[in-house]
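Hints in hand, dock the two standalone chains.
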Amino acid sequence: MPDPSFVFAQSLSGLTAAMFLFLIASGLSLIFGVLRVLNFAHGTFYMLGAYSAYQIVQWLGAGPGMFWVAVLGAALGIAVLGGIVERFLFRHLYGQEELYQLLFTYALVLVLSDAAKIIWGTQQKSVSRPPGLTGSVSLWGATIPYYNLFILLLGPAIALGFWFVLQRTRAGRFIRAAALDRETLGALGVNVNALYTGVFVLASFLGGLGGALVTPVRTIVPGMDTEIIVEAFVVVVIGGLGSFWGTFLGSLIYGQVLSFGILFFPRFSIFSVFALMAAVLIIRPWGLLGRPLK
Amino acid sequence: MLAAAFFVPALGSRFYTFLANDVAIWALFATSLNLLVGYTGLVSFGHAAYFGIGAYTTGILMKQLGVPFLLAFPAAGLLAGALALVFGFFCVRLTRIYFAMLTLAFAQIVWAICFKWNEVTGGEQGMPEIPYPNFEWIDGVAAWLPFVGGYRASEYFYFLSLVLVGLCMWSLHRIVRSPFGRMLETIRENAERAEFIGVNVRLWELAAFALAGVFAGLAGGLFGIFNRGVFPDFAYWTKSSEVLIMTLLGGMGIFYGPTIGALALIVLNHQITSYTEYWSLILGSILILLLFVFPGGIGGAVAALWRRLQTRVHHA
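If you read the sequences in order, they're chains A and B.
Read in order, the letters of the first sequence correspond to residues 58 to 351 in our numbering.
Read in order, the letters of the second sequence correspond to residues -17 to 298 in our numbering.
Chain B with its partners taken away, still in its complex shape (with noise of 0.2 Å):
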């Protein structure tokens, strides 16, 4: 599917490519936080801090400091990723609906400081125009590699994201199915079980906390540069609510659950607008259906028809 991916692009229209890097990034978005919600049974409502941190630190070391893309990138998911291990050491501390509350303060936190701290931040306006890493030399790999050449930067920055989107979904993926990631579900299970087999509950759970947030990092250090722009706005906790529902609409079971997600809501969101200013209430309306029709999310919806047609093949 990746490398279906690829090929976007090829179809010409700047449109398709701009809706497909928009779907790359918040499908990694989404699954960062699935890393907390559906593998180890913590919701946050302050995800989208981390995003932010990450857009400002692309794009505060890119426009302000000239910095290369190359460290600018991964300076991204460091810093967010350092600061979800300082936030999430006070909130694994919590259970429940008070981890959930202290997710939500911090990153409101964040983004009173993005808000208001005019001289890093741009403030209330943001920064707009973040430059695109330096594609130049791609024209010298061009001279040998026939069809690399002759794109333009926003779709030299689509294949970048797909390549870097993938890499951090691979790690992801070998993440939650090694013995960590059993570790997570196991205490999503049950926490108070965990603790009396003797595992350090709060310890894992603030690894995989800073983990969501240096992918969540990542995915805003691209995000700031797809956008073209980093404004405060990208920590406030209506992004955090619309990541949390692209993980729940696709299914929070599933490792690509929140992919299928954010692929539905991006779609869904662009065709919608183009009819209708009234995204929201669609939305809504969708959510109020999924809730009460299927609750494991689309992803879940899928993953239960394709258990039943499996049984009753075998029963055939």
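Excised from the complex, chain A in its bound form (with noise of 0.2 Å):
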């Protein structure tokens, strides 16, 4: 039986990465919940962001508090290309199946990690930590880096923020009508579109964010992009595609069994989450807070 420190160690790490694949996945289960879209590309703007990130970092300099001005840059920056994407691009694939839309998102998943390639090169890239949050501190046992404390405190703040959004506000509540019945929304008088490509502003500038935030701890690669969106897939249907909680949920729950799968069965760790996810497709397909779609 391995210590408790240990554990909870495994735990915490667990937990981060759980917060940093909620920030991802949740944007991919606003797309999905609104647009009834799975976005292949949601893990490419993960990446761009990343890489933003890092060109920021490489124009500002490392001084004080430039850290937070090129993660929020980043952000921003992928949040527009969303808009621009969706607003030129996707909103004339609305009327088409389905599929078409699918085949789009991934066609956009080539053409964006290849530009990426194109700037930015093949070789990793990675972001030194702001200072204020270098160091680590000790905790039951375990030692804890304070970015990592940060991010899991930053994690359930915009876990909270966002339910704040989505229930308490005007916009929120546009947005929860539109996942659920769009045209009548139109009816009433809603800019529907606009509402469209909101929602995929917001669900950008969410991917984006997690990935200018993971910068300081992993290495900026190519192919980080298919890595990530595969993880968010696993998530989203765990917890149930287009639920806010679903999500938040599911990262959890994905956090954990990798960190304990990897100590306790090491070579199905990858395996366990795959197998989690079929599992929930098999008993209880819209996840575990998720409700049947129509």
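It is worth saying that the hints were derived from the structure and are not from the lab.
Treat each hint with caution, since some may be false.
Chain A regions said to be covered by chain B (calculated; three or more residues, Cβ under 8 Å) [what the hints assert, rightly or not]: (1) 160 to 167; (2) 236 to 249; (3) 283 to 294; (4) 321 to 329; (5) 336 to 345.
We put the beta carbon where it would ideally sit given N, CA and C, even for glycine.
Below is the structure:
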């Protein structure tokens, strides 16, 4: 029986991974909930967010506060990219079959990931932690980097903020309504087109933010987009396609399964998350907190 | 067209033979997927699983157990089909996006097993150096059939692939033209209505799923040898998306659509990668262009053009 502090450390690393994944998966879930399409390109927005943050740090230098400028700048940049993609390209595909919409998002992955290779090359890049969050703290025998602690607090904070927007604001009500019945919403005079663009922009912001925030923790490499998008799929499936808290729960479960899987069954850790995804789809397809699609 | 393909090695270039062999195998793979996507209306994101299983089956049997190709090849199809039957049982209970996600999950499970089960599959490194089938008996035949002898092993394998792919495509063609195929199309058009008239939709879909798996496995078995090695990425989701793109690019409404897609994609790939490494960028741009201009894929556009020409001729 491994000692408790080790278990605690593993659990925390699982939680940290979960929070990063939650940022990306929440955007994916939002797009699916409202626009009814699985955005393959979401992982690529995450990757572009990471590269952009790296680039901004290169331009501005590593002075105090520059990391946060880079993160925010990257997230906003990706949000703008998402808006442009939706407004000028994706919007014209709404009437078409879902398969063609999916194919479009995949074509985006191809184009954008190569664009990233052209701009930044194929070598690994990384960003150092912001001054002020370097170092670590010792908690119950486990050493936790301050940056990870920050992410562990930021994740739920964003989740709560998100929940607040969805439940308590007018825009949030429109988003929820569009997820339930877009036609009626349009008939009621709401500008559904603008709403869709807004949702896409918001989701892209979250994806880019996730990518930018992960840069001190993971190296930026080509291929991080295809890797993360599959993980995000697993999360939203487990939690429930289109369900917000489901995505949060799915991320937590994913993080714990992966980190303890590596501990107890190192060879089967990858296998276990996909087996979990399959199990959920077989037993309860709409996920733990989702509702059956019409 | 198949007969013409036999003369490719006569062109003398190993590259053309290689290219044609690649196209033939992927054409089979894509057509097997089309049985699901185009004819039954089931979009699978995990078809590469069966391709991978077929490749590993043939690879393991031939390389590690010394089983002759004559047995290893059908074994690939059988094992892939069996697994398709098992996975498919769970998948066909779901619809649309859930179906797609479960096919993806199963494919990733297959990939994860291939990636990690070092003893059997070689793990991350895969299994290089799969032997060619034994072609020595051909020298015996060449004694009394003059133009059969004198080719390299890779060319013999190419002829073999053509024959096998041709047989498989013929079988698939018979399948889709049969009442079974008609039933699949009925289900594609309106599964609910099919249920109402008493069709056990799930059973038919399962049959289509298993058959598609069998042919994908056969394609995989061929590819493992062609590629001179079997690797885990044969089952990774990006492989599934490649074959799906071929099917859609060529046109899923036509039997030879996926073949055209495979031809177009592989030829384009080889041409473009000789000039630039940014193949994905070009492919993605082409796809986006096609999506906005030709929703039916190349095959669909050609078919539509053909129909337009025909009506013009009739009116004239």
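Status of the hints after comparison with the structure:
{"no.": "1", "hint": "160 to 167", "result": "holds (count 7)"}
{"no.": "2", "hint": "236 to 249", "result": "violated (count 0)"}
{"no.": "3", "hint": "283 to 294", "result": "holds (count 5)"}
{"no.": "4", "hint": "321 to 329", "result": "holds (count 4)"}
{"no.": "5", "hint": "336 to 345", "result": "holds (count 4)"}
Hint 2 from the list above is the single one not met by this structure.
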